[in-house]
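Enquirer: Residues per chain, in single letters:
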Amino acid sequence: MRALSFDIAHLLAGLMLVLSFLLLYQDRITAMLNVFAMQAVALSASVAWQAVIQDAPHLLVTAAIALVVKGIVIPTALHRIVRKLGIHREIEEVIGAGLTMLVGLGLVALSILLMLPVGEKVSILVREDLAFALAVILLGLLMMITRRNAVTQIVGFMSLENGLVLAASGAKGMPLVVEFSVAFSVLIAFIVFGVFVFRIRERFDSVDVSALDRFRGERGEQP
Amino acid sequence: MPVVVGLWCVAGFIAIAAVAIAIGRFSRASALIYGASLLVSLAALAFGLQHLIGAGFPDMVDYPLGVPGIGAHFRLDALSAFFLVVINLGGAAASLYAIGYGRHEIAPLRVLPFFPAYLGGMNLVLLADDAFSFLVAWEFMSLTSWALVLANHRAPENVRAGYIYLVMAGFGTLSLLLAFGLLAGPDGSYAFESIRASHPVPFVAALTLLLTLLGAGSKAGLVPLHVWLPLAHPAAPSHVSALMSGVMTKVAVYGFIRIAFDLLGEPVWWWSLIVLAIGAITAVIGILYALMQRDIKRLLAYSTVENIGIVFIGLGLALAFRANKMELPAALALTAALFHVLNHSLYKSLLFFGAGAVLTATGKRSLEDLGGLIHRMPNTAIVVLIGCAAISALPPLNGFVSEWMIFQAILVGPQLPQWGLRFMVPTVGALLALSAALTAACFVKAYGVMFLGRPRTPAAEAATDADRFSLSAMFILAAFCFCAGVLPGLVIDILAPVAQSLLGARMPVQVHLPFSLAWASILPIAESRSSYNGFIILAFLVISGTFTAMFIHRFATRATRRSAIWDCGYPDPSVATQYSSSSFVMPIRRVFGATVFDVRRSLDMPRPGETRPGSFHLKVWDPVWRYFYGPVARLVLRSATVLNQLQFLTIRRYLTLVFATLILLLMVVAAWR
Amino acid sequence: MALMAEIAAQAVQMLLVLAIAPLMLGITRKVKARLLRRIGPPIWQPYLDLWKLMHKEAVLAHNASWLYRTAPYLVFAATWVAAALVPTYATNLMFSWSADLIAIVALLGTGRFALALAGMDVGTAFGGIGSSREMLIASLAEPAMLLVVFTVALIAGTTQLSVIAETFIGGVGVRVSLGLALLAFVFIAVAENARIPIDNPATHLELTMVHEAMVLEYSGRHLAMIEAAAALKLMLYFSLLACLFFPFGMATKDQSEIALAIGLGSYLAKLVVLAALLPIGETAVAKMRVFRYPIFLGSAFAAAALAVFLLFVSRGGL
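Taken in order, these protein sequences are the chains called A, B and C. Residue numbers for the first sequence follow numbering that gives the first Met the number 0, so the first one is 0 and each next one is one higher. Residue numbers for the second sequence follow numbering that gives the first Met the number 0, so the first one is 0 and each next one is one higher. Residue numbers for the third sequence follow numbering that gives the first Met the number 0, so the first one is 0 and each next one is one higher.
Think of the hints as simulated: they come from the structure by calculation, not from any bench. We treat Cβ as the ideally placed atom computed from N, Cα and C, and that holds for glycine. Where hints are given, some of them may not hold.
Sample of chain A residues lacking proximity to chain B, with all beta carbon distances greater than 12 Å (derived) [as the list claims (entries may be wrong)]:
hint, residue
1, 59
2, 81
3, 84
4, 107
5, 111
6, 184
Computed footprint of chain C on chain B; a stretch qualifies when at least three of its residues, placed anywhere within it, have a C-beta under 8 Å from a C-beta of chain C [said to hold, decoys possible]:
hint, region
7, 146 to 160
8, 425 to 434
9, 562 to 572
Label-pair ranges, simulated between beta-carbon atoms [to be verified]:
hint, chain 1, residue 1, chain 2, residue 2, range
10, A, 109, C, 2, 18 to 28 Å
11, A, 4, C, 264, 55 to 65 Å
12, B, 575, C, 51, 17 to 27 Å
13, B, 545, C, 41, 28 to 38 Å
14, B, 378, C, 41, 30 to 40 Å
15, C, 280, A, 29, 15 to 25 Å
16, A, 57, B, 200, 21 to 31 Å
17, C, 280, A, 109, 15 to 25 Å
18, C, 36, B, 378, 36 to 46 Å
19, A, 83, B, 605, 27 to 37 Å
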């Protein structure tokens with residue numbers, strides 16, 4: 000019988016993956032932000048659990064950062080932006096949610112196929128974490144590709160970053176400095192994105208990023 | 000000795016064909032020819048069954064015919080015997096059906112000689128034991144069926160169908176020719192006996208498998224080589240459509256099994272990935288297109304494509320297990336595929352017969368022109384209902400049994416060591432489930448629009464039931480569908496020698512002599528630990544249904560009143576308000592529309608005040624035409640235009656060309672040394 | 000003697016599911032009504048409805064065929080047999096080996112096939128709309144269901160329900176896969192039983208209806224059969240949920256009276272809990288547009304597929 004520690008790590012990492020799918024599924028921005036916050040909480044729980052089983056207290060700091068910044072601060076800020084812009088319902092999809100999810104499933108299968116057979120030397124737990132992390136990263140990218148709305152693109156990017164942290168927490172001994180710098184850069188990125196959203200809004204009266212393409216003349220006369 | 004009996008049957012078919020040329024113009028000839036075909040088919044059927052049940056040893060015979068030095072080899076083993084049974088069962092049913100149906104033939108001389116010759120050709124393919132006889136028989140089968148497709152050559156779409164069929168058949172035979180060339184190796188050992196003894200290097204073996212997939216797959220209807228089926232199968236008279244769809248595709252499956260499982264030797268695991276992927280795609284695409292069809296015979300032809308996909312899923316699983324030395328699951332998957340081959344030949348022939356009966360009675364092939372036939376053709380309605388339920392894989396009929404066995408094989412899939420296969424197998428399982436559910440939708444549509452509701456045209460209103468020969472052929476097939484579903488253990492036991500001879504393993508013995516409650520339940524291999532009993536399910540259904548009806552009629556009320564249609568208070572006397580074939584599948588078309596179909600719609604709505612009628616046109620295309628065959632055809636045309644200049648050279652130039660080629664070849668020979 | 004006892008146990012199960020299926024429907028309706036601050040009908044109202052319908056004259060359209068008249072009995076028989084083969088209070092009943100999970104799902108398919116045909120028999124627009132949508136929902140639900148079966152069968156090593164239940168009672172650890180499979184199964188069950196958000200069992204005269212549109216022309220004893228079959232189907236999905244995901248309390252090897260009593264008690268308790276949970280979920284969500292169904296069932300498919308993948312991961316090399 001396997002240890003309970005493995006089961007719980009599996010549960011939390013799996014939960015993150017499922018939440019990534021929920022992000023793809025959501026068609027309302029506010030609900031999506033809530034799911035994103037949940038994913039951050041799951042991430043921090045997962046990292047904290049890694050801290051316990053690896054006996055690495057510095058990971059607790061990472062967990063705390065994830066919880067505070069991505070679980071509370073960023074979702075709250077995004078909620079405010081959304082309310083200000085009055086776009087709480089619409090998510091414009093480039094391709095349908097069903098097809099997106101099918102592609103997402105393919106990506107998950109791909110990451111498992113890539114990660115599982117590779118490292119026979121490392122423990123199953125690390126391999127599994129890596130597989131899940133890669134899947135979360137790819138799903139974040141997918142979300143950025145398939146959504147037009149700038150806010151959803153931010154969320155996709157943040158979710159991608161969640162995957163990075165998950166991968167890092169599984170690999171033993173990531174220095175705290177790296178951790179801080181990553182968190183910091185994410186915050187900077189978030190601010191840049193936020194400013195960017197308001198600028199688009201001012202100019203084009205919409206946060207549909209395809210407005211930018213139109214501006215550059217890429218899409219011709221298409222409405 | 001047995002194989003000689005088989006060859007005599009082939010000779011019998013050819014003789015009937017010769018007689019048919021002589022007497023075909025007499026009005027009584029039709030019944031005579033079909034009756035004789037029926038007798039010969041029954042003889043071949045009995046002989047194949049006897050060899051299969053008796054588990055006889057392979058029997059061979061050589062004749063100094065054909066290519067000098069090779070001769071013609073013929074052989075009968077368990078695999079050929081099983082396919083003999085399938086083909087002659089279908090052939091016998093089609094002959095019986097045609098005794099009645101053939102009376103309506105407009106130009107009997109265009110059908111009568113080719114029908115027995117076609118049956119003979121298919122039988123000969125199964126008996127051939129060297130590449131040369133195999134290909135000759137294969138081509139004979141293709142050409143006779145091509146002639147039958149053109150039986151009604153005045154319709155322009157039939158001419159197009161015949162042309163496309165000829166091109167595809169030629170392509171398929173070419174691929175098989177190349178495959179056999181690779182198998183024969185540099186020594187040119189074309190007899191299957193010596194091919195079996197040689198072991199090709201993996202690269203050559205893989206190439207052979209691909210060529211076989213192309214060759215057999217183009218005949219069987221694997222996507223994207225399926226395009227000729229929905230054109231050619233409906234063009235032929237209905238009993239021939241039944242043979243082409245229900246039986247000839249099985250000869251193609253036989254060709255694939257013969258090469259991939261018998262001649263090629265040990266498979267490599269990734270072959271199965273290709274076969275599984277193509278099988279699953281074929282199954283889903285086939286049924287999605289079947290759903291979109293309004294022409295009943297074309298719908299059935301597309302559904303054949305789907306069923307061939309299911310058979311190839313089973314074969315792919317068998318290859319995967321065999322490559323990993325898992326003989327028992329391989330036997331399960333192969334038996335399931337063969338069971339499905341038998342099932343499909345039963346219900347597809349039955350459904351084509353039903354379509355033929357409807358066509359004779361109404362003159363209509365489009366579903367949108369039919370309706371309400373359950374009242375005018377009650378017997379046909381019953382048997383077609385059984386066929387529809389069987390093809391939709393509903394318990395307790397036979398279609399369910401083979402799909403259940405394939406699912407059981409799929410559930411063993413995760414024990415395979417390769418990760419690629421582990422992911423592939425559940426994906427294929429989900430696609431198979433999707434195609435099974437869509438099949439049910441497709442045949443609810445077909446049956447509902449054709450037989451239920453109110454008649455949509457006067458022709459449908461005036462229909463009468465089929466003649467007694469046609470009906471008896473359909474009833475016999477329906478009875479077989481029923482028996483194979485209720486007593487599947489018998490069929491599995493009969494199939495055992497095939498798996499035994501190809502894989503060295505078989506499914507456990509199903510029918511035990513001491514009668515117990517577990518009698519007639521299927522027990523696949525130990526790995527899946529599941530069981531299913533069609534007999535008990537049927538008994539339960541019959542008992543509980545009858546009991547309930549009796550209870551209500553006895554203790555509640557049986558009062559019944561006839562009245563007008565209610566329809567929520569808005570009944571409309573116009574029959575056009577019924578759900579039609581296109582409207583039934585509209586949700587499915589919309590769900591899968593963006594990805595799978597090439598839909599062209601045009602809506603013409605008159606403005607307010609205008610008095611002209613509005614119109615709505617819908618055309619669903621197979622995207623294969625646009626994205627695959629279109630470019631190929633253009634490429635061929637362009638190169639043909641360029642090469643056409645070769646026809647207008649002077650003699651001196653031709654001689655120069657010949658001379659240059661000669662010098663080139665000599666240089667190649669010199670360099671080779 | 001042992002044979003007689005076994006037959007009796009099977010017969011008890013068969014009559015048990017039939018007897019309490021309307022009750023479950025009554026409980027869901029009552030809870031739903033209370034949630035909407037209505038008093039609602041008494042929980043035995045479905046029995047009275049069925050009794051009343053059975054004694055009413057059946058009104059048939061002039062062009063109704065024999066298929067229309069036999070379909071209700073076939074639907075009822077298929078659903079009843081399927082419901083009777085799901086282990087409820089004890090495993091290894093006499094005929095439990097005659098159909099596995101796949102066969103039970105397919106038996107429901109037989110019923111659906113008959114009902115969809117019956118919907119098209121008279122030739123009305125409503126009947127056609129119902130049949131068409133019903134088959135669409137079934138087509139979308141089937142792949143997800145197969146993957147749920149796959150997940151469960153991968154853990155238990157079989158599709159035989161009795162064995163699955165016994166394996167799961169033995170304990171299989173914390174499984175994300177099972178949670179996902181449960182989620183997918185709930186989605187499928189909601190769709191298959193024509194509940195909100197896919198369909199609304201309480202509505203008529205509305206273009207969004209599916210199941211009710213299909214059976215619109217039915218009346219009298221035929222309608223009674225169809226209603227009873229619908230109740231049995233709901234009950235079957237409750238039993239299946241209990242058997243696959245919460246099998247505790249079921250009598251397994253020990254088939255003594257006490258074990259059977261515990262099994263029966265826990266089974267009834269599980270049913271009541273589920274029957275109360277369903278309307279709570281239904282009240283919380285809104286009915287979907289028809290063309291949102293693919294997304295809903297697609298997410299069930301995604302959940303089930305993830306369940307299979309995660310199972311591969313957690314097993315590592317199997």
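Enquirer: Far enough from chain B: is every CB of that chain over 12 Å from the CB of residue 81 (chain A)?
Expert: holds, 29 Å
Enquirer: Count the residues of the region 425 to 434 of chain B with a beta-carbon closer than 8 Å to any beta-carbon of chain C: does the count reach three?
Expert: Holds: 7 residues of the region 425 to 434 of chain B have a Cβ under 8 Å from chain C.
Enquirer: Verify the CB-CB distance for residue 109 (chain A) and residue 2 (chain C) against the hinted window 18 to 28 Å.
Expert: Taking Cβ atoms as reference, residue 109 (chain A) and residue 2 (chain C) lie about 54 Å apart, which means the hint is violated.
Enquirer: Could you say whether the range 28 to 38 Å given as a hint is met by the Cβ separation of residue 545 (chain B) and residue 41 (chain C)?
Expert: Holds, since residue 545 (chain B) and residue 41 (chain C) (Cβ atoms, about 33 Å apart) stay within the stated range.
Enquirer: Find the nearest Cβ of chain B to the Cβ of residue 59 (chain A) and say whether that gap is larger than 12 Å.
Expert: holds, 35 Å
Enquirer: Find the nearest Cβ of chain B to the Cβ of residue 107 (chain A) and say whether that gap is larger than 12 Å.
Expert: The claim breaks: residue 107 (chain A) does not keep its Cβ more than 12 Å from every Cβ of chain B (closest is about 10 Å).
Enquirer: Starting from the hint 27 to 37 Å, judge whether the C-beta atoms of residue 83 (chain A) and residue 605 (chain B) obey it.
Expert: violated, 47 Å
Enquirer: Beyond 12 Å from every chain B Cβ: check whether that's true for residue 111 (chain A).
Expert: violated, 8 Å
Enquirer: If we take the beta carbon of residue 184 (chain A), is the closest beta carbon in chain B still more than 12 Å away?
Expert: holds, 35 Å
Enquirer: Just to be sure I understand the hint, the distance between the Cβ atoms of residue 378 (chain B) and residue 41 (chain C) should be within 30 to 40 Å; is that true here?
Expert: violated, 49 Å
Enquirer: Taking the CB of residue 57 (chain A) and the CB of residue 200 (chain B), does the distance hold inside 21 to 31 Å?
Expert: About 57 Å separates the Cβ atoms of residue 57 (chain A) and residue 200 (chain B), which means 21 to 31 Å is violated.
Enquirer: Could you see if the CB distance from residue 280 (chain C) to residue 109 (chain A) stays within 15 to 25 Å?
Expert: For residue 109 (chain A) against residue 280 (chain C), whose Cβ atoms are near 34 Å apart, the range 15 to 25 Å is violated.
Against the hints set out earlier in the document, violations occur for numbers 4, 5, 7, 10, 11, 12, 14, 16, 17, 18, 19.
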